[in-house]
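Colleague: Listed below are the residues making up each chain.
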Amino acid sequence: MAFMLTVNGVAREMDVDADTPLLWALRDTLNLTGTKFGCGVAACGACTVHLDGVAVRSCQATVEDATGSEVTTIEGLSGPEAEAVQGAWRDLNVVQCGYCQSGQIMQAVSLLKENPSPTDAEIQEEMNGNLCRCATYSRVGAAVRDAADRLA
Amino acid sequence: MTLQTSRREFLQGAATAGLVIGLSPSGAFAATPAQELSPNPFVTIGEDGTVTVILKHFEMGQGTSTGLTTLVAEELDADWDAVEIAFAPADASRYVNTAFGAQGTGGSTAIANSFVQYRQAGAAARDLLVRAAAAEWSVPAEEIIIENSVLKHASGKESGFGPMTGRAATLTVAEELKLKDPSEFKLIGRETLARKDNLAKTTGAADFAIDIRRPNMLTVVVARAPMFGGKPTSVNDEAALATRGVEAVRVLPEGVAVYATDTWSAMKGREALEVEWDLSAAETRSSAQILEDTRALLEQDGQTARKDGDGAAALAGAAKTVEADFLFPFLAHSPMEPLNCVIERTADGGVEIWDGCQFPSLAQPTVAAVMGVDPAQVKINTVWAGGSFGRRANPTSDYHAEAALALKMLEGSALEGRPVHLVWTREDDVRGGYYRPAYAHRVRAGVDADGHPVAWDQRQSGKSILIGTFFEEMLVQDGVDGTSVEGASTLPYAVPNLEVSIRNTETPIKVLWWRAVGHTHTAYSTEVIMDMLAEAANADPVEYRLSLLGDHPRHAGVLKLAAEKAGWNEPLPEGRGRGVAVHESFSSFVATVVEVSTNEDGAVKIERVVTAVDCGLAINPDVIKAQLEGGTGFGLGSVMRNQITLTDGEVDQTNFWDYEPLRLSDMPPVEVHIVPSAEAPTGVGEPGTPPAGPALANAIYAATGKRAFTLPMTESGIEFA
Ligand code: FES
Ligand code: FES
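Those protein sequences? They're chains X and B, same order as listed. Residue 1115 is where the first sequence starts when you use my numbering, and the numbers rise one by one after that. Residue 2 is where the second sequence starts when you use my numbering, and the numbers rise one by one after that.
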């Protein structure tokens, strides 16, 4: 079936089955590989993108679900929250293998857009679904806090 | 930062640059036209002055791309932010890991084996540039300094590296290179240095193997037997082939490959397959039975790994004894990037692969053998690896071999010539074997009337990682695989009668080294037993250990530092407890203090971790801290709740739902303290993991009086808040 998606501000047409997860449409059809496949079952957060600015697991949203929404991937991330988050991530040397980090960053930006001054408990709750096998968690938590401070 | 992934691209790039140069102002400036300077295999300096460090070790997150680059940049006094990196091609003649005699990364050896080599590489480049500038400016070379990639002379003359590369390339590197005295280090030891992979990994630009796209590439997923050791006998692929996007199905020796235009179609095609399996040689036991069988072996005599004195007699004469059986489960590595590899035929009859390649010296001959080509015809493009924890360095190079087989199976068909991307799903990874082997330990130890340990008998059984691989001949002696007993056979405490023995078990379940290998279980049993001995001796756990570490000052050093920073002697409120463990692995020393609290239901929460590490000279303190933080978290998560179990031969776990890694909410604050040292640097990728588990176990005991002898701790009745 033909679908029209708006991804990072650009209209993209694709011909895929309606049940195709957004994750695979992004990665394999549109070649936007910054969004990662980690589990395929909403258990890791590596595939996190924004639908109309809100973090969702792209392995669970179908292409059909995403039609009519603005899809933002790490490649299209911009704005003050993104700058603060990515800046904090670099200054705190958060990344290790890096594979989970697109998802972590997408989740963090979504969090700060909704709640610019989260408590530590709120950060923990919002970020808790994003697994990091390298266990960069202390720095992830610190970087979200740092990004919030930058935005204040 | 641009990441050049191959030497070939590199040289081509340089050739193009060389052409441009003749017309450029810098070309006119230099007496000899600028050109790429490549004094050794580890560093090149482009005509524009760009320094590129060629990394013989891959980057799985452990920080090597930053570490090796620091060594070159230090000796060259290069501008840190302007140094670029590239992964080396497969070429063991130039990129050998001197710790192994092969090209590969593991055993926390990257910094240790590169420390002098990469500094020399930087010093060689420096030597050439300085002498070129001296000749250019007609001043003595000794008077030239380098600051942030700028050559300078007191007369006011200054130049970047670029204009000097042409002349420098005509010079021969001095035979004796003077390396900096540690007092002159500017980058080595600097508290924080921006990681070289920061930018690529925070923008989504970093290409992992899973992100490689080749023209006309087919994605392959493989259906594997439901039990280890099973093989396909018949396949009905009608429905799979009718799935949109599926192009082919092929039967491999151990599975059935589905080829599709994209990943989702391949996964759907696999769902539609009907496969009959021959399970006659498969493992059909449940893990509970496997562990029971493994434990029962402890009754039998084993192979001796270490024997000091006469343990049996000393135990019989001990004033007090402690004894425990420990059970360790199978564990999956589950690196965040599922295993995958891209492979294609090249026009000259060879093959090319893209992989987060941990061990080129294993992957190259394996792929060559499957494809029937010469190893030199296998070109490996090493890209960022999304974690490994040991999984990507496999004596069988399993996923490389599988990818090559999948490519080969297309020969003679209409699909021949199309590149293949083999992708494992998370389920494939969790259920796919190559686990940290399950182990049983029985430790009996005794103290005399003064509390001094007089005897220690450590009996272990489990499957050897090395037996049956080509490492067996080199590394297994008299049935003792050193990786099964390391950490126990090297017990540092002064115990006059010490015996360590091993019984090797057999199972078709494939096993592999997992971050810190044998230390993952030996540190646990030995450090829990030490806690029990201290209790039997009525002694403080830290004091007791220190009293037995007289010959091991580096163990004692980290132990003292961690205890001091953790406030070991300060009283804790009711319901809280502290535990300690110290362990050497891969020539680095780590002591860890864990503090836990318990709630009204008795559930445990890890409040705080303080660790101290002695890894010799600290090259990148912040990378060391990151590895200790991550290694600690990795160790804690696995002992808390991770296990691979089997029911009648089938793995029970499927994905991160039921093989659940540590989460943010589980992660305690981890303080890392580095012992100042001038010793040669040693690795930090693994050593943080072993002491985390036993320190947690000892803390839980201090808080609750419960000892966790069976792992994960949830199996010992420990609940976590
Ligand atoms: S891949 Fe979507 S949550 Fe893991
Ligand atoms: S940085 Fe490796 S999984 Fe998060």
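Any given hint could turn out to be false.
With a straight-line cut-off of 20 Å between C-alpha atoms, the simulated EDC-like cross-links for lysine to aspartate or glutamate are [unchecked claim]:
hint	chain 1	residue 1	chain 2	residue 2
1	B	LYS606	X	GLU1189
2	B	LYS187	B	ASP279
3	B	LYS511	B	GLU148
4	B	LYS232	B	GLU277
5	B	LYS606	X	ASP1234
6	B	LYS606	X	GLU1228
7	B	LYS179	B	ASP208
8	B	LYS308	B	ASP458
9	B	LYS707	B	ASP541
Cβ-Cβ distance ranges computed for the label pairs, FRET-style [unchecked claim]:
hint	chain 1	residue 1	chain 2	residue 2	range
10	X	GLY1193	B	GLU473	22 to 32 Å
11	X	GLN1174	B	ASP326	36 to 46 Å
12	X	THR1233	B	LYS606	48 to 58 Å
13	B	GLY418	X	THR1181	50 to 60 Å
14	B	ASP659	X	THR1181	29 to 39 Å
15	B	THR347	X	ASN1229	45 to 55 Å
16	B	ASP479	X	GLU1236	41 to 51 Å
17	B	ASP602	X	MET1115	27 to 37 Å
18	X	ASN1229	B	GLU507	47 to 57 Å
19	B	ASP294	X	ALA1116	20 to 30 Å
20	X	ALA1132	B	ASP659	43 to 53 Å
21	B	GLU680	X	GLY1123	51 to 61 Å
22	B	GLU177	X	GLY1193	53 to 63 Å
It is worth saying that the hints were derived from the structure and are not from the lab. Each residue gets a CB set at the ideal place from its N, CA and C atoms; glycine is no exception.
Colleague: Each hint needs a verdict: does it hold in this structure or not?
Modeller: We went through each hint and held it up to the structure:
Pair hint LYS606 (chain B) plus GLU1189 (chain X) does not hold up; C-alpha atoms about 38 Å apart against a cutoff of 20 Å. Proximity of LYS187 (chain B) to ASP279 (chain B) is assessed by CA-CA distance (about 62 Å); at most 20 Å being required, the pair is judged violated. A hinted pair counts as satisfied when its Cα atoms are at most 20 Å apart, and LYS511 (chain B) with GLU148 (chain B) does not qualify at roughly 53 Å. Distance hint between LYS232 (chain B) and GLU277 (chain B) is fulfilled; the C-alpha atoms sit about 9 Å from each other, no more than 20 Å.
Distance restraint check for LYS606 (chain B) and ASP1234 (chain X): the Cα-Cα separation of roughly 17 Å lies within the 20 Å cut-off, and the hinted pair is therefore satisfied. Between the alpha carbons of LYS606 (chain B) and GLU1228 (chain X) the distance comes to roughly 30 Å, so the proposed pair goes past 20 Å and is violated. Proposed proximity of LYS179 (chain B) and ASP208 (chain B) is contradicted: the alpha carbons are some 38 Å apart, above 20 Å. Under the criterion of a C-alpha separation no larger than 20 Å, the hint pairing LYS308 (chain B) with ASP458 (chain B) is consistent with the structure, at around 9 Å.
A distance of roughly 18 Å separates the Cα atoms of LYS707 (chain B) and ASP541 (chain B); the hinted pair therefore holds under the 20 Å criterion. Roughly 57 Å separates the CB atoms of GLY1193 (chain X) and GLU473 (chain B), a value that falls outside the hinted 22 to 32 Å. Between GLN1174 (chain X) and ASP326 (chain B) the CB atoms are about 44 Å apart, so this pair conforms to the stated range of 36 to 46 Å. Distance hint check for THR1233 (chain X) and LYS606 (chain B): the Cβ-Cβ separation is about 18 Å, which falls outside the suggested range of 48 to 58 Å.
For GLY418 (chain B) paired with THR1181 (chain X), a C-beta distance near 36 Å fails the hint of 50 to 60 Å. Judged by the Cβ atoms, the range 29 to 39 Å given for ASP659 (chain B) and THR1181 (chain X) holds: they are separated by roughly 33 Å. At roughly 52 Å, the beta-carbon separation of THR347 (chain B) and ASN1229 (chain X) lies within the given 45 to 55 Å, and the hint holds. For ASP479 (chain B) and GLU1236 (chain X), the Cβ-Cβ distance of about 58 Å falls outside the hinted range of 41 to 51 Å, so the restraint is violated.
The given range of 27 to 37 Å is broken by ASP602 (chain B) and MET1115 (chain X), whose C-beta atoms sit roughly 52 Å from each other. For ASN1229 (chain X) paired with GLU507 (chain B), a C-beta distance near 56 Å keeps the hint of 47 to 57 Å intact. The given range of 20 to 30 Å is broken by ASP294 (chain B) and ALA1116 (chain X), whose C-beta atoms sit roughly 58 Å from each other. Hint check: ALA1132 (chain X) to ASP659 (chain B), Cβ distance near 29 Å, so the stated range 43 to 53 Å is violated.
For GLU680 (chain B) and GLY1123 (chain X), the hinted distance range of 51 to 61 Å is satisfied, since their beta carbons lie about 54 Å from each other. For the pair GLU177 (chain B) and GLY1193 (chain X), the supplied restraint of 53 to 63 Å holds, since their beta-carbon distance comes to about 56 Å.
Comparing the model with each numbered hint stated earlier shows that hints 1, 2, 3, 6, 7, 10, 12, 13, 16, 17, 19, 20 do not hold.
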